[in-house]
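Asker: What follows is each chain in one-letter form.
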Amino acid sequence: MAFVLPRAAVVPSLPLKARLTPLAFQLQARSRNVSARRTIISSAASPATEPEPERLHKPQPSRRKPLSAEQKKYLDKALRVNQAGELAATLIYTAQMPPINKAYPHLRPLMKHMYDQEAGHFKKFNELLAKHRIRPTAMYPLWQAAATFLGWSTAAMGREAAMACTEAVETEIGEHYNGQVRELLTWMTDMENRGEEVGEELRLLIEDIRRIRDEELEHLDHAVQNDAKEANPYELLTGVIRTGCRGAIWVSEKV
Amino acid sequence: MASLTTLRNSLRAPVSLHPFLLQNSTPRALYHSYEHDLPPPYRNPEAAILSSALAHVPNHGFTTIALTLGARETGYLDISSNLFPKGAFELVKYHLVTQRLGLKNRLQFPDEGRLGVGRKVRSLILSRLQANVETGVVGRWQEALALMSLAENIPASLRELSALSDEIWFLAGDVSVDSSWYTKRASLAAVYAAAEVYQTTDTSTGFRDTEAFLDRRLEEVRTIGGAVGGTVEWAGFQAGAVVNLMRSKGLRI
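Heads up: the protein sequence lines correspond to chains A and B, in order. Count along the first sequence from 1, add 851, and you get the number used in the working numbering. Count along the second sequence from 1, add 2, and you get the number used in the working numbering.
Isolated chain A, as found in the complex:
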């Protein structure tokens, strides 16, 4: 009863695995689409135009609904990039301080103040990463070397260049934090509209990132006040540094 098809008669035109049913194709495309969308977007809009929900400043009851997978992915990437950014900031100041303080002793208190605030931010993000079991960026040693080199080279170029470097880095970081704060506040308003609780974890996170964002913008103002715009290859320097920062942020999100 068994009959064998001659091999030449059964030649599939495509590899068998590629032949999906329409339903399977749709499901596969949907799962691929979700992961391909860019998660973190920075915003150059002024902080004054941010929504200010009154819930933000009062202790909130605990959430009944867990965070979605998309939201967890966003927080994972955002906090990883923030920690990498603060690492770079502390190392830039550490490398800039010896030459600048030696040549311009009157800048010592300002540099110390900015360094202390960055060190506080770094400590805060380290605690958040450890608490929420988020992995740090694998490029950590590379960013350590790059930030130290950046701080040292701009300090060697002079006070104005060092301030221009600070201005460029703080502008990029400020925009980056702005985007994050807006996204998290959007979550909060969505939850309000749906009648869900926000929960203390999310509320305190938003407050922390806002405070840190405000301090970074304060550093930006200090840098501009201290003749950042007087740096000699101003456009080139700030352009290169800002592009580098954007690239580093993009890589730290992924890796």
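Since the hints were made in silico from the structure, they are not lab data. Built from N, CA and C at the ideal position, the CB exists for glycine as well. Hints are supplied without guarantee of correctness; some may be wrong.
Unchecked claim - Partial list, computed: chain B residues near chain A (C-beta under 10 angstroms):
| hint | residue |
| --- | --- |
| 1 | Tyr-36 |
| 2 | Asp-39 |
| 3 | Asp-176 |
| 4 | Asp-180 |
| 5 | Arg-224 |
| 6 | Gln-240 |
| 7 | Val-244 |
To be verified - Label-pair ranges, simulated between beta-carbon atoms:
| hint | chain 1 | residue 1 | chain 2 | residue 2 | range |
| --- | --- | --- | --- | --- | --- |
| 8 | B | Gly-252 | A | Glu-905 | 24 to 32 angstroms |
| 9 | B | Met-248 | A | Asp-1078 | 24 to 32 angstroms |
| 10 | B | Gln-240 | A | Asp-1078 | 32 to 40 angstroms |
| 11 | B | Asn-107 | A | Thr-872 | 54 to 62 angstroms |
| 12 | B | Tyr-184 | A | Tyr-1085 | 35 to 43 angstroms |
To be verified - The calculated lysine-lysine pairs, modelled on DSS-like cross-linking and capped at a C-alpha distance of 27 angstroms, are:
| hint | chain 1 | residue 1 | chain 2 | residue 2 |
| --- | --- | --- | --- | --- |
| 13 | A | Lys-975 | A | Lys-1080 |
| 14 | B | Lys-122 | A | Lys-982 |
| 15 | A | Lys-974 | B | Lys-122 |
| 16 | A | Lys-953 | B | Lys-122 |
Using the hints provided, position chain B relative to the given structure of chain A.
Answerer: Chain B only, in chain A's frame:
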């Protein structure tokens, strides 16, 4: 009854759709929230079949026979073992996942903080190895290792090993988040894997030899880690000294 209907519907769907409908793969670890627990990794019918199949492993090994017996015992048809496209490997993975998630319940540390992180790591590894013994799986674990080493199963096995390593470091109270995060997890994964393989050949009473093996491996990690860390520190000091020397000579750097 609802679970039986969904089970039947999933089995009726074409085979190409099974990965999308039967999502029992552990999702990648992300932001860990303290407000809610993670959803259970396996749905009820699968968890029931796999846990009763695990009870048959000491007699039948990690095979589809154990899966079939498990399905039969839970009241499903023998053919329900088709729910597990990877066959016996799914049984291995179930054991790995449940033991990893159960590790925090097996061993808890009092809050005094007298134990260092290293000693906690040692205790956690020993507890996890003991779990292999308690579930009766250690006699058949060489089969499981063979299944895990098949090319199609290697990514899932490595993911489970790294998840276990992360879990052990978290439970031991490690809070470092610099590049040592990666080196610590890699070295712990290597030590645990070696100890688990050694355990399958250990015939001593109470697995004393495995404990001694583990202590030797941990000692090696400490020595090498100390040596590498010391070298890096030395190189950093040398570089700093060169820069400071040039500054003292008047060079404006």
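Asker: Which of the stated hints cannot be reconciled with the structure, identified by number in ascending sequence?
Answerer: 5, 6, 7, 8, 11, 13, 16
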